[in-house]
Amino acid sequence: MLAPGTQPAGRAIIDRGGVAQTLAMGVTLDKSQQIIKRIMAQGSLPSLSAIALRLIQMASDDAASTAELAALISQDPGLTTRLLRMVNSPAFRRLDREITGIGKALSFLGLREVRIMALSLSLRDTLPVKKGGQDYYLFWRSSMHRAVLAREVARRLALNEVEEAFVAGLVQEMGLPLLLRSLTAEEAQGFPGMGASLKRQLKWERQALGLDHRQVGSMVLGHWGLPAVLVECQQILSEGDRDKVPLLVEVCDFAHRGTEAFFMPEIHLTDIYQVAWRYFGFDDETVNYLLATTLVYVGEAASALDVELNREADLLEVMEKANNALSRLSSQLAPHLQAALAGEQAPPPTPARRGQEEQEASDRRLKDEAVAQTLDAVAHEIRNPLMSVGGFARRLAKQVGGGGHLQRYAEVIVAEAARLDKVLADINRLLTPYRPALGAMDLAQCLQDLARSLEASEDDSPCEDGLPQLKWHLPPVPVPMRGDPQGLTMALRQIIGYCCHLMHPDHTKGMLHVHLQANPQEAVISLLGQGQPPDQGQDALAERSFGPALALAQARRVMEAHGGGLVAAPAAGGKGFLLTVRLPQAQG
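Per this note's numbering: the sequence shown = residues 24 to 611.
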């Protein structure tokens, strides 16, 4: 007897794929019907326990009482123990106090919630995936993460079916092992695997068999008489169907997508944020809370259901996915950033090319504008995904806690997200026109003030790990010029930071010499140090160095706005580096 709202097995095949589609794929209806008969045959389909059957019947029994439910659950000491473990686990606990008996659980949680919890435990025992082996692990890892995420989303949406969401997520792919175990070895050839994405599994099933495992799940849940809403959650939800289904169906579809985003290599972690906004209007912070809470609670939920998961390995896999997302965003930015920095590093016109200077300057401006527009567009494109992944890593680091290697890895990802965020801020500054507030100033005094500032405050160092030894070679007389002291000071700090990058990794042990020389036409600032020579053709992302390279580009813009320039080159003899700033001196 099917529950209200479910469909007979044969009709499910037609409604969910159609005779025409089945025949078009070259699969006869006979084959799919033969597989269905094997699955549904007596002795082949797993049987629900008497307790599970009564739990299902109680859903539509208005006369059912808490006393009857307590007596029913108490018939199975194992079920009682696991149910109490479940209600007291962090994933399900509502109270600070421990619940020590079924009666207390019913008093605090209510008949409906306890019944659904008990049903989830009974269904877990029925699902036909044996312990041991990779298939067992992959099936239950996905099932548990999907169930916990569905429950957390339902709670956030304040749905009445919070526990039903957990059960629906738990059994959403139960048709897969039922289908696979009904196939002959020949029929199963080519199956993409238990760990493949739902899309790949369904494609193979429909082409090879003429039906899919979600159809099998619908038929079996209907056969067992489970509530119609749980059967509906077996649907493959398309965008056009969303307005036609209960909200719980959307919740389960989102939980499926979120679980695949955790573990499927071909599915990007950042994709789930767009789905969450489209389905529920959730912002990134809400999604980060839901994802991190799921990852933290899933171990306890699995333990309550006697499911063996390696929580640490799973968390590391998800963290690696987040780290890969950041690497992908960095790689997406790299060529455009390199193009912008290559333009910044173009050599000044030589005397032999002076006649072409105006045309070359015009061509360069056009090229720079095109590169800048592209760089701005790419930076805008990755900003939201970067905020999503960074927020997720911060939330996860906070909730994992404990100071162990999991938290440390999460903090590494947080630091990488912060680095990329700083790069975006640097790009924004690079693309913002700089207009110096020119006035009379003393360049020698400006450098003296900078030296005192750097010496007085290590916390405000332009170098991440501390300053090298700075040796200032400044003239005893003023070096007058028209300039913007604030802009020049900022640019000189950025240049010193770039020097630290060239002196890495032991720049704090090295010596950086800063010389200021002047003649009637120009002032020249030279920074000389030991370290790797700057390579004008190197990838801006090499060794994650595009932060310093961007800072150097910003400093060059400041110097050019003053009518001067900045050149980075190897030092004489190729040992170390020499950065030279040339600025026009004020005429007397």
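The hints are simulated quantities; they were obtained by calculation from the structure and are not laboratory data.
Careful: at least some of the hints might be erroneous.
[What the hints assert, rightly or not] Taking lysine to aspartate or glutamate pairs in the DMTMM-like style, the calculated list, with each CA pair at most 20 Å apart, reads: (1) K54 - E255; (2) K494 - D472; (3) K54 - D294; (4) K445 - D472.
[What the hints assert, rightly or not] Pair by pair, the computed Cβ-Cβ distance ranges are: (5) G216 - G426: 28 to 38 Å; (6) E209 - G124: 51 to 61 Å; (7) S350 - K532: 46 to 56 Å; (8) G216 - S350: 41 to 51 Å; (9) E487 - A594: 16 to 26 Å; (10) G596 - Q430: 16 to 26 Å; (11) T149 - L339: 27 to 37 Å; (12) G216 - A336: 41 to 51 Å; (13) A90 - G216: 23 to 33 Å; (14) T207 - A86: 24 to 34 Å; (15) G586 - R452: 40 to 50 Å.
Don't be surprised by glycine CBs; every beta carbon is placed ideally from N, CA and C.
Pairwise beta carbon distance, S350 to K532, judged against the given window 46 to 56 Å: At 31 Å between Cβs, range violated.
At the C-beta level, are T149 and L339 separated by a distance inside 27 to 37 Å? holds (31 Å)
Assess, step by step, whether the Cα of K494 is no farther than 20 Å from the Cα of D472, and give holds or violated. holds (14 Å)
Taking the CB of G596 and the CB of Q430, does the distance hold inside 16 to 26 Å? violated (47 Å)
Pairwise beta carbon distance, G216 to S350, judged against the given window 41 to 51 Å: violated (26 Å)
Measuring from beta carbon to beta carbon, are T207 and A86 in 24 to 34 Å? violated (47 Å)
So if I understand the rule, the pair passes when the alpha-carbon distance is 20 Å or less; does K54 with D294 pass? violated (37 Å)
Cβ distance range 40 to 50 Å for G586 and R452, holds or violated: violated (21 Å)
At the C-beta level, are G216 and A336 separated by a distance inside 41 to 51 Å? Between G216 and A336, where Cβ atoms are some 18 Å apart, the hint is violated.
Is 51 to 61 Å respected by the C-beta to C-beta distance linking E209 and G124? Taking Cβ atoms as reference, E209 and G124 lie about 53 Å apart, which means the hint holds.
Given pair status - E255, K54, alpha carbons within 20 Å: violated (25 Å)
Does D472 sit within 20 Å of K445, going by the straight-line distance between their CA atoms? This hinted pair is violated, its Cα atoms lying about 26 Å apart.
Violation of the numbered hints given earlier is confined to hints 1, 3, 4, 7, 8, 10, 12, 13, 14 and 15; the remaining hints are satisfied by the structure.
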